[in-house]
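For reference, the chains in residue letters:
There are 2 protein chains.
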Amino acid sequence: MDMELPLISLQRMPVYLNYLKSMPAGTRFVSSGHIAEALGLGEVLVRKDLAFTSAVGRPRVGYSVEELIAAIEEFLCYNGKRNAVIVGYGALGKAILGYGGFGYYGIDIVAAFDSDSEKTGVSSTGKPVYGIAEARAEIPRLNAKLAIICVPAQSAQEVADMLIESGVKAILNFAPVSLKTPEGVEVRQIDVAANLAILSSSIK
Amino acid sequence: MDMELPLISLQRMPVYLNYLKSMPAGTRFVSSGHIAEALGLGEVLVRKDLAFTSAVGRPRVGYSVEELIAAIEEFLCYNGKRNAVIVGYGALGKAILGYGGFGYYGIDIVAAFDSDSEKTGVSSTGKPVYGIAEARAEIPRLNAKLAIICVPAQSAQEVADMLIESGVKAILNFAPVSLKTPEGVEVRQIDVAANLAILSSSIK
Chain W
-10 MDMELPLISL QRMPVYLNYL KSMPAGTRFV SSGHIAEALG LGEVLVRKDL AFTSAVGRPR
50 VGYSVEELIA AIEEFLCYNG KRNAVIVGYG ALGKAILGYG GFGYYGIDIV AAFDSDSEKT
110 GVSSTGKPVY GIAEARAEIP RLNAKLAIIC VPAQSAQEVA DMLIESGVKA ILNFAPVSLK
170 TPEGVEVRQI DVAANLAILS SSIK
Chain G
-10 MDMELPLISL QRMPVYLNYL KSMPAGTRFV SSGHIAEALG LGEVLVRKDL AFTSAVGRPR
50 VGYSVEELIA AIEEFLCYNG KRNAVIVGYG ALGKAILGYG GFGYYGIDIV AAFDSDSEKT
110 GVSSTGKPVY GIAEARAEIP RLNAKLAIIC VPAQSAQEVA DMLIESGVKA ILNFAPVSLK
170 TPEGVEVRQI DVAANLAILS SSIK
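Chains W and G supply the protein sequences, listed in that same order. Residues in the first sequence are numbered from -10 upward in steps of one, following my numbering. Residues in the second sequence are numbered from -10 upward in steps of one, following my numbering.
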């Protein structure tokens, strides 16, 4: 993949996948127009998204459903499986650890860490929850290069520093604070409150 | 405010507010350079962000801390208080209902709704959790124009339709599905898995 994939295209991929898998058994071909109509998207958009995968549509026939499913799945895992960890096993950390939608992208959340020893043990989905002191040993052992920060704002920078020292190369940060990270470490922030505020300001 | 505010600026506002409120008691003035250094941001960036508020810095003196706090607070609530509701009181809905960071933006999450009658009652933070059948009556009564969808993908469109019929004008959607909404209804999607996938793909 040479072109950089927009987030918006990437997040439609599981939507396509869900749709294709929900088609009646025995459906062999599907056109981009059909997918577009079913999902309320533009046909050009659908074609552009699917062009990021290896699937090739044929004129007047469309895509082979089976091939298209395989191509999207391959595309979503194109850089292989990755292990991720969560730091902060509060309500949000728990919700993310329990969410099943990461598998589509080849991401496995393998463990969580929390500073509260009462929260350690095993999650309802069978994942280990360790004390934060074990992170420096466990993260390299788990080969987790990806981490999700779900701690309060005042602890987020300290947690990020520890993660980076433990080999983490990319961080999804839910704490409402700008993290300082060295070059070579990618950070994305999801600020739920700020997103809601932007929406609120759009209401006339 | 004539210029459209970027999300990234908006989400720094609570960061500034936290910092200003954490300054030693009696601190009367603060410069943009000082704020920038403390938070690891560029000084020009800080000045641009603060220019969205009504605060005016004075040369060689900086901003009055008290005035700047008031200006940011006023700015964040500039279109008044808004009530919001959550639909889907699973792990994510629970985490969001329990999160205290919306107040900064003048947003009050006043209730949650769920299709599972076993989840109805009162949340740990004292907010009512209603059955989904009550939404059409409760949402207008609560004057909630803002809603957060935390239901599974397959129910999200149906929930969105119901919310819009109940007077909701803006939706924050956590379900991994593209919602079809009429003109005049704003939607923002937060797809945690897709964000994580983008980060994953950035790892060399």
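To be clear, the hints were calculated from the coordinates, so they are not data collected in a lab. Where hints are given, some of them may not hold.
Which copy? The list can't say, so a pair holds if one copy fits it or any two copies do.
[Unchecked claim] Straight-line distance between alpha carbons at most 20 Å, and here's what the computed EDC-like set of lysine to aspartate or glutamate pairs gives:
(1) K37 x E63
(2) K10 x E62
(3) K10 x E63
(4) K158 x E127
(5) K193 x D97
(6) K108 x E123
(7) K158 x E32
(8) K108 x E55
(9) K158 x D97
(10) K193 x E154
(11) K116 x E175
(12) K108 x E175
(13) K10 x E26
(14) K10 x E55
(15) K169 x E123
(16) K169 x E56
Small disclaimer: the values here were computed from a predicted structure and weren't measured.
Indicate which option fits the pair K10, E26 if close means a Cα-Cα distance not exceeding 20 Å: within, between, both or neither.
-> Classified as within: same-chain Cα gap 16 Å, cross-chain 52 Å, threshold 20 Å.
Within a copy, between copies, both or neither: where do K108 and E175 come within 20 Å Cα-Cα?
-> neither (28 Å within a copy, 38 Å between copies)
Within a copy, between copies, both or neither: where do K10 and E55 come within 20 Å Cα-Cα?
-> within (9 Å within a copy, 58 Å between copies)
Can you give me the call for K158 and E32, within, between, both or neither, at a CA distance of at most 20 Å?
-> neither (37 Å within a copy, 27 Å between copies)
Identical-chain pair category, K169 with E123, by Cα at 20 Å | neither (23 Å within a copy, 45 Å between copies)
Identical-chain pair category, K193 with E154, by Cα at 20 Å = between (47 Å within a copy, 17 Å between copies)
Homomeric proximity label, K169 with E56: Cα distance no greater than 20 Å = neither (43 Å within a copy, 28 Å between copies)
Check K158 against E127 for me: Cα-Cα at most 20 Å, and say if that holds within a copy, between copies, both or neither.
-> within (15 Å within a copy, 46 Å between copies)
How would you label the pair K10, E62 (within, between, both, or neither) given a Cα cut-off of 20 Å?
-> within (12 Å within a copy, 48 Å between copies)
Quick one: K158 to D97, C-alpha cut-off 20 Å, is that within a copy, between copies, both, or neither?
-> Only inside one copy: K158 and D97 sit 16 Å apart there, 36 Å across copies, limit 20 Å.
For K37 vs E63, is the C-alpha pair at or below 20 Å within one copy, between two copies, both, or neither?
-> within (17 Å within a copy, 43 Å between copies)
Up to 20 Å between alpha-carbons, please classify K193 paired with D97: within, between, both or neither.
-> Close across copies (18 Å), not inside one copy (42 Å); limit 20 Å.
Taken one by one, the earlier hints fail for this structure at numbers 7, 8, 11, 12, 15 and 16, listed in ascending order.
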